[in-house]
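Asker: Knowing the structure of chain A, use the given hints to seat chain B on it.
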Amino acid sequence: MENGASSYRRFLAGDDNALREIIELHKDGLALYLNTIVRNICTAEELTEEVFVELVVKKPEFSDRSSFSTWLYAIGRNIACDYIRKSSRRRTVSIDELYQMSDEEDIEKNMLRDEQRIRLRRALSELDSDHSQVLFLKYFGGFSNEETAEIMNRSKRQIENLTYRAKQALRTKLESEGFEYEEY
Amino acid sequence: MKNTDEIFDSVMKKSRERAEQERKRNIRKSTITAVVGICAALVAVLGLWHSGLLKPVVTPDSVDSLIESDDLIEPDENGDGEAGEDSAASTTTAVTTRHRVTITTSVVSTRRAVTASQSNAATGTGTGTGTSTRNASTRTTSVSGTATAATGQAGTSTKKTNATDKSTTAAAETVVSVSPTTETVTTPTSVQETVNSEPSGGDETNGWEQPDEQVYVDSGISLNEARSTSVTGLFSSAYCGGYTYYASDSQVSSDQLGDYIGSTTLTSWVTVDGSSYHVVGDVYAIAGTDSAVAVHLSDRGGYYWFSK
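Going down the list, the sequences are from chains A and B. Heads up: the first sequence begins at 1150 in this note's numbering, then just goes up one per residue. Heads up: the second sequence begins at 516 in this note's numbering, then just goes up one per residue.
By construction, these hints were calculated from the structure, which means they are not laboratory data. Certain hints may be false.
As the list claims (entries may be wrong) - Output of the computed footprint for chain A on chain B, the stretches with three or more beta carbons under 8 Å from beta carbons of chain A:
1) 517-524
2) 527-534
Stated by the list, open to error - Only part of the chain A face toward chain B is listed, based on derived beta-carbon distances under 10 Å:
3) Leu1161
4) Asp1165
5) Glu1170
6) Lys1176
7) Glu1194
8) Glu1198
9) Glu1199
10) Val1202
11) Met1301
Beta carbons: idealized from backbone N, C-alpha and C, even for Gly.
Only chain A is shown next, with the shape it has when bound in the complex:
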C-alpha cells in the first residue's frame, strides 16, 4: 500500500526530493498506462508530467482509502480523458510521432525488460482503449480488480466483464499474429 504515499506526505511537508522519488517510482508505468488511453507515447509522457505538476500546484489531499499508485493513476486517467476531450476539438498531428517508436521502446525496456512481455504489451496497444487499459493495469501494473475499478471509475463487476472480453480480444489478436501463449 505504500507505493510512494510516505514520499507524498513528505513532499506536502516541504521536501521536494520526495517528489523526485515519486517521479522515479511511477513515471514509466504511468506513461505506459496513459499511452493505452491517448495512443501516443509522447503525449502520454507529457500527460505524465502534468500529473506531477498537478501534485505540486494543487497539492490534492491523499487519503488511505486506496493505495497511492491507484490514486495517482486515477489522477492520470482524468487528465488523459480531459486531454482527449479537448484534443477531439482540435485534431493535430504531432511531429513527435516520428520519434514515438524509439521513446516507447525505451520505456518498455525500462519497465518490462522481458521481450515476450514487450510483444504482449504491443499487442495490447492495438486493442481498443478500455480493453488495453484493463489488461495493462491488471497484468503490467499489478492492480487488483478493486484498484482497477477505482482507477477506471467503474464497478468491480464491470471490470471483471471487461477483463474477460479484453482477454478474448487479445487472444484473437495474438492468434492472428502466430503468437504462442499459455492460458492464465
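Answerer: Positioned in the frame of chain A, the structure of chain B alone reads:
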C-alpha cells in the same frame, strides 16, 4: 525519454508558471469584479435618481416661497390688499321706475381672473325687486326677481351674460316682469365679487353717498338687515347722507314728512327667516328734524322712520 531529473525540473518549472498564471488570473478576476461592482452601483444610483427617490424634497418653506411668487398667484387686482377670498355672496336690488340704474359687478379671482357681466334692460313704468346672489363655493350666480307693471304696459326684460365684459349693467325704466333665473359662471377657483353702483341723474341723489355695505339702494340709502319680521328687524339701520339712521316700528304720518330727499327707489327684496319681503319706498326727511328720515315701505303700507 526524459530521465527522472529532467522530469522533476520540468515539473517544477511548469508548477511555477502555473502558480504565476493563477496569481495573475486572480488579480484579473478581482479587478473585473471590482469594476463590475462599481458599474452596478452607478447604474443603481442613476436608476434611483431617475425614479425620483434621490431628488431633493420640497420643504414647506420652499412651498411657501413658490406660493408667494407671481408664478402661481396673480396680483391683487381689486386693490383690497388681500390675495383673494374663498367665497363671496352678494345680494343686489336693481329695479327702478324712474331712474336708470347701473350696477357693475366685478368678479376678481386671485388665481385666475374670472369676469362676468349681465345686462338687464326694460322699458315702461312700474316697480320691481330682484336679487343677485353669487355663491363662490358652487361657482354660480343666481339672479331672481319680480316686477309689477304699474301702467299695465307690456314690456320686456332682457338679460345677457358676457364673460368678457367684466361688468353687469342693469337698466330698467319700466320692468314688467323678471322671472327668476339662474346663470352660471364657470370659475376654476373661488372668487370675490364687489358691487358698485353709479346712479344716473346726479341731481336727484341729493348728496347721498354710496354706502360701504353690501345692501345698497340706488339713491344712496343702505339698509342693514336684521333677522326679524318687524321693520326694525328687517332693517336695523339705514345709511344716508353720511349718517346712520336706526329703524323703528313706528309709522310716520304723511303730514309729518318734510323735504323729499329724492329717492323713490328704496326697493328691496329680502329674505328673512325664510320669508320674502318686498319693500319699496320714497325717502323723506321728517319735518322739523334732521335726525330722522321716513321711508315708505310698501309692504308695510306706510312710512316708517329711521332715526339717527
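Asker: Against each hint, give a clear statement of whether it holds in the structure.
Answerer: Checked hints:
1. 517-524: n = 5 at 8 Å, threshold three: holds.
2. 527-534: It holds: at least three residues are needed, and the stretch 527-534 of chain B offers 5 whose Cβ sits within less than 8 Å of chain A.
3. Leu1161: violated (14 Å)
4. Asp1165: Hint on A/Asp1165: holds, closest Cβ of chain B at ~7 Å, below 10 Å.
5. Glu1170: It holds, given that the least Cβ distance between A/Glu1170 and chain B is near 9 Å, below 10 Å.
6. Lys1176: holds (6 Å)
7. Glu1194: holds (7 Å)
8. Glu1198: It holds, given that the least Cβ distance between A/Glu1198 and chain B is near 6 Å, below 10 Å.
9. Glu1199: With a closest approach of 8 Å, the A/Glu1199 hint holds.
10. Val1202: This interface hint holds because 5 Å falls under the 10 Å limit.
11. Met1301: violated (25 Å)
Comparing the model with each numbered hint stated earlier shows that hints 3 and 11 do not hold.
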